[in-house]
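Engineer: Chain residues, written in single-letter form:
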Amino acid sequence: MKKVLETINLNKYFYKPVKFHVLKDINLSIYSGEFAAIVGPSGSGKSTLLYALSSLDREYEGEVLFDEIDLKTLTNPKLAHLRNKSIGFIFQFHYLLADFTALDNVMLPGLKLSELNHEDLEVKAMNKLELLGIADQALKKVNQLSGGEQQRVSIARALINEPRIIFCDEPTGNLDSKNAMIVFDMLKNLTREFDQTILMVTHDDSFSSATDRQIQLFDGKIIDKL
Amino acid sequence: MNRFPILKIVITHLTGRRRQTIVAMLGVTFGITVFIFQAGVITGLQDFFIEKTINATAHIQIYQDKNRKSPPILRNVYSEDETWISVPNIKNKKTLPKLKRGLQIVEILESYPEVTGVSPGLSTQAIFKIGVTDISGIINGVDIRKENQLFDLEQDMVSGSIIRLETVNNGIILGSGLAESLATLLNDNITVISPDGIALQMKVVGILNTGLRELDESRAYSSIRNAQKLMNVTGNYITNINIKLEDVDQSGTLAREFQSRFGYTAIDWKEANEGIFSVFRIQNIVTYLVIISILLVSGFGIFNILSMMIYEKMNDIAILKSIGYTDVDIRNVFLLEALFIGFFGGLAGLMVGFVISWITSIIPTNIEGFVSSEYLSINFDPAFYLLAFIFGLVATGIAGYLPAKKASKIDPINIIRSQ
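Chains as they are written, first to last, in the working numbering: chain A, 1 to 226; chain B, 1 to 419.
Isolated chain A, as found in the complex:
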């Protein structure tokens, strides 16, 4: 299987308020088509690891290779292009543009990429919304949608440019158990049916145990690889 992500001796420090070693000698690889979860107690550095892997945070020591390209060597415009084309994000708080409709939000990354013309992109965005079962909400402003629906809009947005990998930071953390279940099932479905690579941070064991692989993090170290 092809490696999407690889880290070599990744170390990360926080300097404020005092110097603190957050991530310690992380060596891990994520393979194409994998549904992996980073798990661990709070404060173990799960989110920090995700941010470093996902190109958002580049202040670390060591290397993070994305498709064998060292993220640190990328210029800002190249990095933006990488995020646009190859990475999808789903955060705990849905991070949508509140004044825009669901459809507009889904289309935003596609418009930036501009590989498709406007009409085709709109059709594609509708397909993604359909896939996530919220096509009927497409023309509503996102602040009129429920939390679960908003999270599904952000999944659709993450999918629009068919990224190599989707990073999820506690995607179900802000939802009630029923909606959490729906969202999780949809993510799982994406990996099973569309071979989508997903790396998810969660503290919920009932979800993480259902993924292909759990990366156990404790005090900034990987303690157990399955």
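Warning: the hint list may mix true and false statements.
Unchecked claim - Coverage of chain B stretches by chain A, computed from C-beta distances (three or more under 8 angstroms per stretch; other residues unrestricted): (1) 4-16; (2) 310-320; (3) 324-332; (4) 408-418.
Don't read these hints as lab results, they were simulated from the structure.
By construction, the Cβ of each residue, glycine as well, lies at the ideal position given by its N, Cα and C atoms.
With chain A's structure known, arrange chain B on it following the hints.
Structural biologist: Chain B alone, transformed into the frame defined by chain A:
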């Protein structure tokens, strides 16, 4: 969805904070309005004055400068490098202000293709006296037909006619201000006394109002012969030649040419009115300072509003950056917001400025300054409108660029981590 997501974000931001946007636009509108109005009034007045001046004074005037100091005669013997010479109380040699070969010079001047009219004449200071009132002024002895050809005096006549200067013996035409000060009416007799002490009874055959107050208050016209009588000279004695040109802008170069060719002082109208032009320059500087400070203030307004907007829209910036929008995209969002404010605020300013200028130009004001005119003449030169608009856009662009640059530097990780 809009084909241009950036544009849509811009519009959403601006309409989301409608009140602030309008206040920022009003700042620009106000600045541009003042620009248009002030520039229109000031330059309108200046142009009006210049036009009047060009019409009422010669483009070039040739005369002999009596007041030039003659160098000490010892200089003819001792050179400056070797000898210090100090001669106190040098007095000028007595010379008559006569232009020698004056009428030949007139003929030569008339042969120039650039010259449209030449009027020789002589002028002297004089005291105008009626009863117990006396006022000093200048009397010009002219060939009234030629003078009329140059200055279109006929059009400025309030009463009487220019041609009576030829038909009436000892006729005189007074400037309106002068006539008013003397309290004379048409056909009154006045006494004119020259510096040489010669007094002449003259009959007022016309009153002239050019609109240039200084001239109207001091100037009178008579025939050449009568002026010669006052100056106690005869024949072809003239002291100055007034010249009108086809193209006013050539006056400077031609004046220099005439001066070197004929050996007499030749000044163009700009030089003759130097005092006024330096006042104009100061006026213009003040005008631009006022405009720049107003635009500066509206620039600060835009800066503030955008800074606040960026603070509020941190989340949006983090989202856009995390889904692949570049620093430049983010900068453009906020820069465009500033330019939108500048564009529409400026457009409104142009319109309000035009309307205010137009209303002002049709209200009678009857100003009596160094020019008198019934209406304020306002300059509607489109160049001002263009300049004002560009000025506004540049000011708002600069005011917007700084916060926009700051927004583009925001690192999404800081926003996402803080949630």
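Engineer: Can you confirm whether chain A covers the stretch 324-332 of chain B, using C-beta to C-beta distances below 8 angstroms and requiring at least three such residues?
Structural biologist: Holds, because 6 residues of the stretch 324-332 of chain B bring their Cβ atoms closer than 8 angstroms to Cβ atoms of chain A.
Engineer: Mind taking a look at whether chain A covers the stretch 4-16 of chain B? Criterion is 3 or more residues with CB to CB distance under 8 angstroms.
Structural biologist: Answer holds; 5 residues pass the 8 angstroms Cβ test.
Engineer: Against chain A, does the stretch 310-320 of chain B show at least 3 residues with beta-carbon separation below 8 angstroms?
Structural biologist: holds (count 5)
Engineer: Taking beta carbons only, do three or more residues of the stretch 408-418 of chain B come closer than 8 angstroms to chain A?
Structural biologist: holds (count 4)
The structure fails none of the hints (numbered hints given earlier).
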